[in-house]
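> Listed below are the residues making up each chain.
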Amino acid sequence: MSGQAELDPKLFAEAPVRDPRFTVVDRWKECRLFPDGHPEKEVEFFHRQMHEELNSVENAARNLADFPEADWEIRMWIARQCSDEARHVLMFRRIFERRGGTLGQYPVMSFQYRICTKIDTLIGRLAVQNRSFEAGGIDAVKVGIDDAWRRGDTELAELYESQGADEIVHVRFANEWIRQQVAANPRNGLRMAAALTHGSRAFAQVMGEEAVQGIDYAADQSGRLEAGFDAAEVKQVYELSEARRLENLARKRPGGGS
Amino acid sequence: MGLTIREKAEYVGTFRGVRVYLMEMLARWVPTTPELEVKVLFGRHIWDLAQHADALGKRAFEIRAPLHYTLRPSEEYQRLLEEISGCQGTAERIHGFYSVILPGLEKRHGDYLAHTDSLQDEPTVRILDRIQLDDARMRRESQALLAEIPLRLADPEWPGRLAAQDSAVTQFVVPGSGVTLAREVAS
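Line order of the protein sequences matches chains A and B. Heads up: the first sequence at position 172 corresponds to 172 in the working numbering, and the numbers run straight through without jumps. Heads up: the second sequence at position 152 corresponds to 152 in the working numbering, and the numbers run straight through without jumps.
Don't read these hints as lab results, they were simulated from the structure. C-beta atoms are modelled at their ideal positions from N, C-alpha and C, and glycine is treated no differently. A few of these clues could be false.
[Claimed, not checked] Which residues of chain A face chain B? A few of them, derived with a C-beta cut under 10 Å, are: (1) Pro16; (2) Leu33; (3) Gly37; (4) His38; (5) Val57; (6) Trp72; (7) Arg80; (8) Arg93; (9) Ile95; (10) Tyr113; (11) Thr117.
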């Protein structure tokens, strides 16, 4: 469909099933990406975000189904995550439809599910899904909240605040559990590192340089601390994200290279 | 006559075992069911089932069984669960779970409540009462979904046959199936 090479099957599992209303694409650049100020930009984003939340429901569900021997406490958190992400699907669907969208109107991607379910350890999946993707969501949601309040969009600001609070819970339980697992057996640290390398390589295939170059915000330091990252981890990710933000801003300036 | 403490623990452990099975069944169905609305419904009910299993597991410890004591139901009931768990069609999954399994469990909870002493065993009674309320809500939500999206059963008589199979199950809990009570584990 895309005219591009297939995604590397070593990095990606089979996609979850979809009903015929949806068109699923493999890469970010195949989505309908509208420029700033375009009337459909926001609605397309809500649609894509709704589908990302659906991927998160599916990932959490697979974690329950695939690791029945995991501690009951972590399974309870994962079950809770299933419900939260399902609620997020409904939240984004509601705002998307209220603002004129129809289900299936734009292409969607299932990269989160395909990356995470290719990982064969629970610690690896939680490291990639909760500690990376969802933690990135905390950063993005903070920007969304501030922007929505500034524009007087109360409905959207409240949605993002609610979503952000839930994401912090999901990242926190994963951080706490991962820390316990690594303390109990240092090999778990290696399993996590292998999964993060896998996730990073797969993510780059899906998103390409263009998506990363579009990010113009830094990490949300207080949100990440609340989500259970330690001060050194937050400092490191903040410095990296701030450097990336400045680089991307410089690139956007006239004569800056894009 | 009421139930002995061991019998109560076996019932609670079996109710918990079934809830965990159902939680995992819905979890397997989420990525393999096409319709978004159904994935969302299952995703939300996974958490309900987990909370039920958690409450029962904690109650087990209060009646001298190990924490989160979990027992398999009888083979004939297990076969029914597995038949439904193996369904591929969305309509079959919805009818099998919400119209057959949940009403069947409601009846079994009722049997337990009829036999236990509601004063001596009040904490279990309260847990089952709450589960019954949640199950009723889950069934209502499934009915609302079926009204919203058209889903057809390949064989419209299948749920009725399955419900009859459920009613014919003579034994739900296997007496003496529990490993031991907590006191015996400790010793």
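> Taking the earlier hints as the rules, which of them does this structure contradict?
2, 3, 4, 9
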